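K.L.:
Residue strings, one per chain:
Number of protein chains: 2
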Amino acid sequence: MEVLTVDSLPLVQPGDNIAQMICENTVLEEGDIVVIASTIVAKAEGRIFTLENIVPGELALSLGKKGGRDPRLVQAVLDRSYECLVGYPIMLMQSKSAHVCINAGIDDSNVEDGKLVELPEDPDASACRIGEEIEKLSGKNVSVIITDTNGRAFRIGQTGVAIGVYHIKPLRDWKGTHDLFGMELKISEEAVVDEIAAAANLLMGEGDGGCPVVIVRGLNFHTDQKVTITDLYRPDDEDVVKKALRSFKQV
Amino acid sequence: MEVLTVDSLPLVQPGDNIAQMICENTVLEEGDIVVIASTIVAKAEGRIFTLENIVPGELALSLGKKGGRDPRLVQAVLDRSYECLVGYPIMLMQSKSAHVCINAGIDDSNVEDGKLVELPEDPDASACRIGEEIEKLSGKNVSVIITDTNGRAFRIGQTGVAIGVYHIKPLRDWKGTHDLFGMELKISEEAVVDEIAAAANLLMGEGDGGCPVVIVRGLNFHTDQKVTITDLYRPDDEDVVKKALRSFKQV
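Protein chains in written order, with this note's numbering: chain A, 527 to 777; chain B, 527 to 777.
Hints were generated in silico from the structure; no laboratory data involved. Be aware that one or more of the hints could be misleading.
As the list makes no split between identical chains, a pair holds if one copy fits it or if it spans any two.
Each computed SDA-like pair below joins lysine to any residue, with the alpha-carbon atoms no more than 20 Å apart [said to hold, decoys possible]:
1) Lys-769 to Glu-710
2) Lys-769 to Ile-616
3) Lys-662 to Tyr-614
4) Lys-622 to Thr-552
5) Lys-592 to Lys-622
6) Lys-775 to Asp-763
7) Lys-591 to Met-547
8) Lys-622 to Arg-606
9) Lys-701 to Ile-580
10) Lys-592 to Cys-654
11) Lys-695 to Asn-667
12) Lys-775 to His-704
13) Lys-592 to Glu-764
14) Lys-592 to Asp-765
Predicted model, so just to flag it, every value in this text is computed and none were measured.
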């Protein structure tokens with residue numbers, strides 16, 4: 527497996543065609559997985575906003591006070607969330623696209639001063655749109671993963687995770703296969719798209735040397751089927767951590 | 527970055543010298559990161575046991591009943607745990623080495639029938655021992671990561687994670703660096719060893735095609751400093767998920 531950066535990409539502006547930028551700056555091969563940071567997808571889609579004119583409601587004022595944060599930012603986070611799992615000192619939210627993350631994915635780095643970028647509205651749809659365009663331009667069958675960086679329970683530090691997919695199944699199912707001693711594996715689903723996102727994030731970086739597009743080559747994970755990242759999101763009634771956070775009510 | 531399997535490794539037996547097996551089956555380069563599945567480290571260290579002669583106590587009997595599991599296995603899990611965060615239907619434990627995982631890391635796949643394998647007692651020490659031996663045999667400076675596969679909150683599927691390290695810092699700190707617009711990054715620690723473990727796990731596999739050693743090449747992450755994976759474990763008093771699980775008391 528090779529993991530390669532796409533260098534020399536220009537700064538992405540609202541309205542830009544990311545698929546075209548990628549194809550102009552790298553030569554893709556059949557089966558490549560194109561991993562794209564959600565920030566540039568969101569920017570191309572114009573999902574940039576400021577805190578001006580946001581009027582915080584009662585909950586935003588309360589959480590802003592408890593967490594020591596701008597209540598307008600808190601309101602912006604709440605507006606983009608389906609559920610608040612932890613309200614302070616961090617804001618751990620289930621976004622409207624069902625992705626659980628800090629601040630509902632609102633980010634203030636790598637955007638012009640005072641501006642904020644929010645997640646793509648429907649990352650699967652974004653991945654599909656970009657993937658189809660890349661395939662048309664390159665003539666190659668590719669997969670696309672749109673990534674975010676997330677913290678985790680129990681462990682410090684962020685890792686890359688997948689939030690939108692095209693032509694790659696989020697999970698590899700080992701159930702029914704056999705181990706080295708011929709015993710059938712009972713439980714084992716592997717979140718391959720998160721592992722690929724993590725691998726890509728090693729080369730993406732967070733700072734000004736950032737490289738928002740990475741190619742993963744040599745894995746045989748391409749599918750022509752329609753896929754969705756929601757296959758990776760644990761159903762509410764099976765998620766003991768979510769249940770515990772709800773009962774803890776730190777909101 | 528390249529991710530390469532080490533093929534043709536023989537099945538590991540108690541007492542085997544893993545460093546030597548690796549050096550006999552691949553040519554290492556300066557700065558390589560050698561990623562090793564904890565299962566083979568544990569096997570070489572003889573950390574294999576059976577449920578015979580285990581007498582379950584009161585808690586093990588109770589959790590076994592609630593979770594529909596062999597109470598002797600439950601007792602074995604409890605014996606290897608510092609704290610039980612969820613007791614059923616899954617057993618989410620903080621192991622004695624501070625790693626939070628299902629079943630305190632006891633695994634029944636890829637071991638002879640009826641036998642179970644537990645995690646290395648001190649994965650950092652194992653990584654250090656193997657890393658020093660590899661460096662002696664190969665004449666190259668390398669890093670070592672010992673991995674497990676873990677589930678996650680909110681997201682289905684397992685991913686590779688690091689549980690022991692040698693000559694690689696678990697976290698890359700972006701604090702104080704600047705983003706594309708010159709703004710200082712405030713929070714950003716990246717769990718690079720988990721991302722490398724995830725990348726390696728894509729090639730390791732779970733089944734009988736399993737490949738327990740993977741080389742990651744082309745990252746400039748080598749350090750001569752003494753490192754420990756515990757830098758990656760979130761302190762108890764900062765972990766809102768742990769607090770919530772404790773108050774939820776599903777044990």
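K.L.:
Decide, hint by hint, whether the structure agrees.
P.N.:
Hints, verified against the model:
Taking the closest pair of Cα atoms, Lys-769 and Glu-710 never come within 20 Å of each other, the shortest separation being 31 Å inside a single copy and 36 Å across copies. In this assembly of identical chains, Lys-769 and Ile-616 lie within 20 Å of each other by CA distance both inside one copy and across copies; the values are 18 Å within and 14 Å between. In this homomeric assembly, Lys-662 and Tyr-614 never come within 20 Å of each other (Cα to Cα): the closest approach is 46 Å inside a single copy and 50 Å across copies. In this assembly of identical chains, Lys-622 and Thr-552 lie within 20 Å of each other by CA distance neither inside one copy nor across copies; the values are 34 Å within and 48 Å between.
With identical chains, the CA atoms of Lys-592 and Lys-622 are never at most 20 Å apart, being 24 Å at best within one copy and 35 Å at best between copies. Within a single copy, Lys-775 and Asp-763 get their C-alpha atoms as close as 17 Å, and across copies as close as 17 Å, so both meet the 20 Å cut-off. Taking the shortest Cα distances, Lys-591 and Met-547 never come within 20 Å of each other, neither inside one copy (43 Å) nor across copies (58 Å). Only within a single protomer do Lys-622 and Arg-606 lie at most 20 Å apart by alpha-carbon distance; the minimum there is 6 Å, versus 40 Å between protomers.
For a Cα distance limit of 20 Å, the shortest separation of Lys-701 from Ile-580 qualifies neither inside one copy, at 49 Å, nor across copies, at 29 Å. Taking identical chains as interchangeable, the C-alpha atoms of Lys-592 and Cys-654 are never at most 20 Å apart, the minima being 40 Å within one chain and 44 Å between chains. When the C-alpha separation of Lys-695 and Asn-667 is checked against a cutoff of 20 Å, the pair qualifies only within one copy, where the shortest distance is 15 Å, while the shortest distance between copies is 37 Å. Taking the shortest alpha-carbon separations for Lys-775 and His-704, neither the intra-copy value of 43 Å nor the inter-copy value of 36 Å comes in at or below 20 Å.
Proximity of Lys-592 and Glu-764 under a CA criterion of 20 Å is satisfied inter-copy only: 16 Å between copies versus 30 Å inside one chain copy. With identical chains, the CA atoms of Lys-592 and Asp-765 are at most 20 Å apart between copies only, with a shortest distance of 17 Å across copies and 27 Å within one.
Hint compliance for this structure: hints 1, 3, 4, 5, 7, 9, 10 and 12 are not met, and every other hint is.
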